[in-house]
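2 protein chains.
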Amino acid sequence: MPTPLEKARQYPDSIKATILTEARRLFGEYGYHGTTTRMIAKAVGIDISTLYYHWGEKKDLFEAVLTDIDQEIEDKLKEIEKQVRGKSIKVRLEVAIDVMCDYWFSKPEVSNLIINRYISKTRHDLSFDLKVPEYISNIAIAMKMAFDKQSIAIADKAKIIAVWNSVFNFVSGENYFRPLLNISHDDYIQVVKDTLKFILLPAFTKNM
Amino acid sequence: MPTPLEKARQYPDSIKATILTEARRLFGEYGYHGTTTRMIAKAVGIDISTLYYHWGEKKDLFEAVLTDIDQEIEDKLKEIEKQVRGKSIKVRLEVAIDVMCDYWFSKPEVSNLIINRYISKTRHDLSFDLKVPEYISNIAIAMKMAFDKQSIAIADKAKIIAVWNSVFNFVSGENYFRPLLNISHDDYIQVVKDTLKFILLPAFTKNM
DNA sequence: AGATATTTCCATCAAATGATGGAAATAATT
DNA sequence: AATTATTTCCATCATTTGATGGAAATATCT
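Protein sequences appear in the order of chains F and L.
Residue numbers for the first sequence follow our numbering, beginning at 29 and rising by one.
Residue numbers for the second sequence follow our numbering, beginning at 29 and rising by one.
Given that identical chains are not distinguished, each listed pair holds provided it fits within a single copy or across any two copies.
Simulated crosslink set (SDA-like; lysine to any residue; CA at most 25 angstroms straight-line):
#1 159 to 178
#2 149 to 100
#3 172 to 162
#4 159 to 215
#5 149 to 214
#6 106 to 208
#7 177 to 221
#8 225 to 171
Quick caveat, the hints were computed from the structure, so don't treat them as lab data.
Let the hints inform the model, and build the full structure from the sequences given.
Shown next as structure tokens:
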């Protein structure tokens, strides 16, 4: 028996899936309290009660969105892990930066939601949360910093967190930083990749 | 004739200043739409209409908060600039990291507001904005990457943005990352400083 | 002390927002 | 075609939220 979320993913053109997509986009853009159920319904082109019919109350819809991107991130990280397996640390980092950039830039709302999730409190407390801790551990292992989740040094975890975060600001802050650099979207992505490599590679290729 | 903001800063114990402080804290914690005027009034311990009497509508109060931290950041950066002037790039970075960490960690709401400002849209559009572009330029010059604001290379600006952002995630994400590292607040700050130095120093001391 | 100015709060509004019941419309099943 | 199940929308509620007028209280000035 598939969950509502699995069903929605299975039929991307279904109304259920469309709602999820628009909700994701808007929650990412305006935050939880900045997004109203009416905004979502309007974006989808349906009545507000239809939205409630499909996903229940706002909080539930938001949690569905989080669960959705959580799964997506996990898949993406596994994919990256496969791509870099066996490569040198330099190549591992380069590929990871390229792939992560391409991915987050294609779905900026995911980046927004992640950042928002750990900086902004919500008035109503939500039960669900992203599995960022797991991502961090998995990356540490993929980067050969440790063999199992239990034995990752604090300093190493912190380094991964730094790498992990470094991409998001550029993605989520594009509207803010791009005018400052005065370049196109595509050029911006390239500059970000170059910058991240410039900063991250020396640290991880030299001292480790 | 002092502006309301200058007046508030002049008398930190005045009700006007207290409102500003609490508003700042709450806006930082819950975001613009996540913070209600009633929450602020309650935190200050006054009636909601008293709040409106002092700062006008919500949007105006929020802009006052932004203007306030904008000034504070500018002052802090000037202070850092003085401290690092004439030092080597290595020392400049080390000192900047230490001072910036100490400062943002003592006022996490500033970090929150900055990040929030460039990732989350607001339903009502606000006229005022932080002068992040100026900060970036000033840092670039302080770091000796250029002589005047006009001649800063795009790549260099991007590097500064990366440095500039690297601190915020750790500050704003403390509640999220610290449990993951399972250490005290003070230890967390130290780990962050060490991590940032580990990552940033090699890049800027070697290739430039 | 009395007059004036400032500050505070109570009561209240209007609009926005989350949420639902139930009828109408559509689709699926027999 | 008739019956049943699903989906959609209209109308409407109850709260929440931003905002204000005006009386009461406090402070300031003469």
